[in-house]
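Chemist: Protein chains in written order, with the working numbering: chain A, 1 to 316; chain B, 1 to 259.
In short, the hints are calculated from the structure, not lab data.
One should not assume that every hint holds.
Stated by the list, open to error - Here chain B is said to cover these stretches of chain A; the calculated rule only asks that three of the stretch's residues, wherever they fall, bring their Cβ under 8 angstroms from a Cβ of chain B: (1) 28-35; (2) 91-99; (3) 108-122; (4) 140-152; (5) 269-279.
Quantities reported herein were computed from a predicted structural model and do not represent experimental measurements.
Backbone N, C-alpha and C fix where the C-beta goes; we use that ideal spot for every residue, glycine too.
Listed below are the residues making up each chain.
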Amino acid sequence: MAEILVLVDHVDGDVKKVSLELLTAARRLGEPAAVWIGPGAEGAKDKLAEYGAAKVYVAADEELTSYVVAPKAAVLAQLVADKSAGAVLVSATAEGKEVAGRLAVKIGSGVLTDVVDIADGGVAEHSIFGGGIIAHAKVKTGTPIIAVRPNSIAPEAAPAAGAEEAVSVSLSDADKGAKIVEKVVQEKGERPDLTEAAIVISGGRGVGGAENFKIIEDLADSLGAAVGASRAATDAGWYPHSFQVGQTGKTVSPQLYVAVGISGAIQHRAGMQTSKTIIAINKDSEAPIFELVDYGIVGDLFQVAPQLTEEINKRK
Amino acid sequence: MNIVVLVKQVPDTESPRKLKSDDSTLDRAAADGVINELDEYAIEEALRIKEAQGGEVTVLSMGPDKATDSIRKALAMGADKAVHLIDDALAGSDALQTSYAIQQALGRTGFDLVVLGSESTDARTGVLAAMLAERLGIAQLSLANKVDIDGTSIKIQRQTDYGFDKVKASLPAVVSVVEKINEPRYPSFKGIMAAKKKPVDTIGIADAGIDASQVGLANAATEVVDFAEAPPRAKGQIVTDEGDGGVKIAEFLASKKFV
Chain A
1 MAEILVLVDH
11 VDGDVKKVSL
21 ELLTAARRLG
31 EPAAVWIGPG
41 AEGAKDKLAE
51 YGAAKVYVAA
61 DEELTSYVVA
71 PKAAVLAQLV
81 ADKSAGAVLV
91 SATAEGKEVA
101 GRLAVKIGSG
111 VLTDVVDIAD
121 GGVAEHSIFG
131 GGIIAHAKVK
141 TGTPIIAVRP
151 NSIAPEAAPA
161 AGAEEAVSVS
171 LSDADKGAKI
181 VEKVVQEKGE
191 RPDLTEAAIV
201 ISGGRGVGGA
211 ENFKIIEDLA
221 DSLGAAVGAS
231 RAATDAGWYP
241 HSFQVGQTGK
251 TVSPQLYVAV
261 GISGAIQHRA
271 GMQTSKTIIA
281 INKDSEAPIF
291 ELVDYGIVGD
301 LFQVAPQLTE
311 EINKRK
Chain B
1 MNIVVLVKQV
11 PDTESPRKLK
21 SDDSTLDRAA
31 ADGVINELDE
41 YAIEEALRIK
51 EAQGGEVTVL
61 SMGPDKATDS
71 IRKALAMGAD
81 KAVHLIDDAL
91 AGSDALQTSY
101 AIQQALGRTG
111 FDLVVLGSES
121 TDARTGVLAA
131 MLAERLGIAQ
141 LSLANKVDID
151 GTSIKIQRQT
161 DYGFDKVKAS
171 LPAVVSVVEK
181 INEPRYPSFK
191 GIMAAKKKPV
201 DTIGIADAGI
211 DASQVGLANA
221 ATEVVDFAEA
231 PPRAKGQIVT
241 DEGDGGVKIA
251 EFLASKKFV
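With the rest of the complex left out, here is chain B:
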């Protein structure tokens, strides 16, 4: 089975995240880059599917030079090879454009199954799986907390507010995974060493057949008008409990008409 797992490098949540004042895009230089956390679950799920079904796991990442770190991590976890789509023309692409670029890159890798995290920790749009399924005309198996594959038949549990939906489809399909679907493995020393020898195919938009007029900040379907740091919250009242802390909170709640 040809499994493609999508990996995004994001700014570390623990480091300061900023937008650039000139074009309102993410300041990737200001923050440490890390692999998007939910993507680790996607990589793990892809590896487990490969281990059960046979085949190959290809990492596909779109992003600047720095994204190499995240690609290496995915390879160290056990993915077989990688495609790194890197091109200045892609900078500032919005979700709609990103889904187009990835669709085109998937044309180069081919796939039976595309696996990704349900959202990224930076933009948090949570739309990519749906957009890709729509573009590719294949089943959208998103928000999965369980995946079962039998031949070309695939079943997932889709996490919902009330519990979950049992969903079935035929391959090919797009699967997005939620946290807790599995326990992502740590790369072993052997894995880290092996990753250095695994092939990374670095491609630009022309290689992927991406039309330059369809991507990039200038052609985006959305634009940031302005931004500012959020005003700090007014300093609250903090009291050390002297045996009546619960009563004191109740009094505060009463003053705010919550009780």
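With the rest of the complex left out, here is chain A:
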């Protein structure tokens, strides 16, 4: 069975959930092999094995994480060649897609981005144009490179050997063109990552001001959720742009999405329409967001949202 390379996303030595989802999907195509780039693989190897990694390739050299994206593509390109890999899976995050793009050029292969499901045989499902169309696509040239949207595939454990193998790659000058001189971590508190969170609470124009986002944050914290914002809210400067959900921001696909004071313009829907359960609170009963919801309350968010937070905290 061909090895299916899975590029592992990790932060501070912890494997991100999307990587477990990718290992699960990789089993449909062949034998999953995790690819860990950077330091810290020791603490994560067991988790990768638990979710099906027969092998764990470790490229630990710190230099590989000192330049923008290119070294990661170089590691994968080398492994594709050395191991005759059957496919490469990465997360469809901004950086994951860039790794996929560079790799595609390096190995002359087709790349599919923002995939929401993979069938046996490698046919990938896309949800496009803001969720309006479901398309199936496949790679017909080279080793398929597939970027999968986080939270699209349920991770399932399937213990495997997790045999570690060290990998070293020599970087070209071109790979070292863009040097990362400093990583700046902005405060985000204890909340989960927006794209990985099982629950997302988003605020929009109706929230009315930066200070009122406390209502959204309180509700999010009662559910252990991530906070998002519509473009109207980020454009107004009420919440940082990096939290924007929508066509020009992040695409999320959580189990539960709660839209608070968001009308549901197509721009926003493009970023959240594949959420499993959708709830909205909006004072306008005509708001398009209500076309998407499983449950909606037409009412004043300043009354409804705090009451919901209080009720959830009461039930804990």
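For chain A, the structure is supplied; the task is to place chain B on it using the hints.
Modeler: Same frame as chain A, but now just chain B:
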């Protein structure tokens, strides 16, 4: 400085976007074309760099006839000239092929800096900057929310999930920009009038040295197998708040085991 800004015409998000049933490519006739929104930030950034550093801004666009509207808008904002790569042979090209075609066209314009939006609102692949940097063998300065240039040294802030990375490189480089890096200017009346006189070099694949066997739907590395409209979501329950809306949502969440 020779700055090339890449511009893509996309279907307006507000109009119905469809795929064609015969070849599964975007039905460009069905929707109104607009300039890709993130490209406006790229144009603005290119103009600001020119205003600070001197030089010239060239718009490069690959696309059908209709793309002329977007090119004119970029010229009206202040770009100096444009190259429009237009050829039936390019239709249906995927990202890998598009990056090749643009690389070839850049050979004609020359460049110190290539600026583009971080993704398009139609395909949303977000791979072009990375592919171009790889093809050209130059620095990938992507997802920038701040750009500083000093001589041939360039620094950006690269937006990340945790904040940003400070990244430095030497020119030439590819820069992709995210929303909010700047506030794109509106074309002035004077700009719109001036744009009509600015040169647009319309070229085909032969002019750009593009190998026809490397582009187009038939030679793409990926293919759409089938597509269908997504099934509509089941109609949900919508309730007008009578003072207990929050409690009602909590009950719904409990019924779904979220609380």
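Chemist: Could you check the structure against the hints above and give me the numbers of any it violates, in ascending order?
Modeler: Violated hint (a single one): 1; every other hint is consistent with the structure.
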